[in-house]
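K.L.:
Read off the chains here:
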Amino acid sequence: MSAFKKIIPLFDRVLIQRVKAAERTASGIYIPEKAQETLNEGLVVAVGPGAFVDGKLQPVALKNGERVLLPPYGGSAVKVGSEEYLLFRDSEILAKLE
Amino acid sequence: MSAFKKIIPLFDRVLIQRVKAAERTASGIYIPEKAQETLNEGLVVAVGPGAFVDGKLQPVALKNGERVLLPPYGGSAVKVGSEEYLLFRDSEILAKLE
Amino acid sequence: MSAFKKIIPLFDRVLIQRVKAAERTASGIYIPEKAQETLNEGLVVAVGPGAFVDGKLQPVALKNGERVLLPPYGGSAVKVGSEEYLLFRDSEILAKLE
Amino acid sequence: MSAFKKIIPLFDRVLIQRVKAAERTASGIYIPEKAQETLNEGLVVAVGPGAFVDGKLQPVALKNGERVLLPPYGGSAVKVGSEEYLLFRDSEILAKLE
Amino acid sequence: MSAFKKIIPLFDRVLIQRVKAAERTASGIYIPEKAQETLNEGLVVAVGPGAFVDGKLQPVALKNGERVLLPPYGGSAVKVGSEEYLLFRDSEILAKLE
Amino acid sequence: MSAFKKIIPLFDRVLIQRVKAAERTASGIYIPEKAQETLNEGLVVAVGPGAFVDGKLQPVALKNGERVLLPPYGGSAVKVGSEEYLLFRDSEILAKLE
Amino acid sequence: MSAFKKIIPLFDRVLIQRVKAAERTASGIYIPEKAQETLNEGLVVAVGPGAFVDGKLQPVALKNGERVLLPPYGGSAVKVGSEEYLLFRDSEILAKLE
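Residue numbers (UniProt numbering), protein chains in the order written: chain R, 1 to 98; chain Y, 1 to 98; chain D, 1 to 98; chain F, 1 to 98; chain U, 1 to 98; chain E, 1 to 98; chain G, 1 to 98.
Hints should not be assumed to be uniformly reliable.
[As the list claims (entries may be wrong)] Taking lysine-lysine pairs in the DSS-like style, the calculated list, with each CA pair at most 30 Å apart, reads: (1) D:Lys96 <-> Y:Lys96; (2) E:Lys96 <-> U:Lys79; (3) U:Lys96 <-> F:Lys63; (4) D:Lys56 <-> U:Lys56; (5) Y:Lys79 <-> R:Lys20; (6) F:Lys56 <-> E:Lys56; (7) G:Lys96 <-> R:Lys79; (8) U:Lys79 <-> F:Lys96; (9) F:Lys63 <-> D:Lys56; (10) U:Lys96 <-> E:Lys20; (11) R:Lys96 <-> Y:Lys79; (12) E:Lys56 <-> U:Lys79; (13) R:Lys56 <-> G:Lys20; (14) U:Lys63 <-> E:Lys56; (15) F:Lys96 <-> U:Lys6; (16) D:Lys20 <-> F:Lys56; (17) R:Lys20 <-> G:Lys63.
In short, the hints are calculated from the structure, not lab data.
Using the sequences and the hints, build the whole thing.
P.N.:
Here's what the structure looks like:
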């Protein structure tokens, strides 16, 4: 993708950065990439303005900076420079993590 | 999953802990794991704020601590540390148990 | 299923006990199990509080103790101890019997 | 089916008795069963109270005793003693016959 | 079908008689049946009272005697004596012909 | 089709005449029929009265004489004499051309 | 397509020009066409008047000149002269880029 500074999701979409799995064990030993777990955890990076439902704007149920539980499939992968993001509709996100 | 203390389901989702099958018979003899029944019983661990239906917030029909009857399929499996949970929409839960 | 006394269906679901087929002929002769008819008749054992339709609670169209005609397929089988029950949405039940 | 006197269809369902095909020709000769036409004609035997549409009860568009044109497929077959009936939603019935 | 005088379509259905293809050329020569075109033209023979949409009766958009353009598939074939008719929902009819 | 002067589309349908591809190159040389492009361009020849949406008549978004961009598939082909037309719902038409 | 100056999308459609991938590397070396990335970035060239939702006109969420993130599939390809465009419904566009 070219030199854009900001991705603004449309409607009820949220831009998610997947949380990377641990690269070391608790005791500090490096885990080979293949053995690293795929986490279904994400960080909300940007949210859309919400979608219109029955003529009323329904704001997105998530805020920037929130940690979320991602569904095992779905979402649109987006690459910005070397970073990879995912776009989901907020109703696809399973839960918030605190 | 990393060190989160709380999973807060979104919309009309409920977080369920599946009730484990008996590991011993009534008379106290251990049942080998393979012979243990899979129970379709669960415990409500957390509930979402409800979903918007026709512009109105519809609260979730279940409360924490309630025992429920799970459908034979469906739900999203979530692993937190060594614990496994399931996320269902409340309308997928078949019945409450008392 | 563990020691629960009551199954309370959720939303517009009804708990049904299938009526067992005759084990003897009218003249009193035992019918071998394989030759017994499967009846599509059931007894309403418990009903849910109703489902929300267009924001209004729509009560279940059936009452405990009513005899009903079951559809040939569908419903979720539930086992409580040695008893087997079926859970249907009330709109799946075909007719009442009087 | 056991000794019930009445089948009361639920919601917008109608209980239909299929009109039997002629067993003799106009000139009185018996038609072998295999050569008898299957008629898509039925007699309304019982009607439900109607279904709720947009929160309002929509009464069934048919009355007992009316002759109707049945769709080529669909409906649930119900056997009461030696009699066979069909249950349709009223919107599945094609036309009335007068 | 038995001796009925009238087919009254239900809801938004219309009873259509398919217009037969020409059996002779313009110059009067007979066209063999196999070479006759299938026309997608029909004559409205009877119309239903209309269907309820959002709680309001929506009258049928066609009148008896109107010529219409039929879709290439769909509709329920009905035989009355030696005559064949088709039943369509009015929204399936493509156009009127004048 | 027989001798009708006018096709009046029903509901939200529009009657479209496909724009024929060029039969000659810009320099006047004939293009063999097989090499002629299929254009997805059409001319609106007739429009319906509109469809009822939520109980209100929604007029058709196109007018006679407008040039439109057709979707790559869909529409019902209609033959009137030697002319071929297409019937689309107005929501299937992609764009207007000016 | 013939000599039209303007494509006006209908309803909630937007006309998109796909952003071409870089033909040279940052250091100025030409990238062979096959090795050029397909970008999922587009430029909004024209927008429709919006679609009617629940009887109200819902304007399109995008404006001419905006840069957008396209979904990996979908959209209708349109060729005008030597230029290729894509038509999407605005709800299919994933995000705006700034």
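K.L.:
Hint numbers the structure violates, sorted upward?
P.N.:
2, 3, 12, 13, 16, 17
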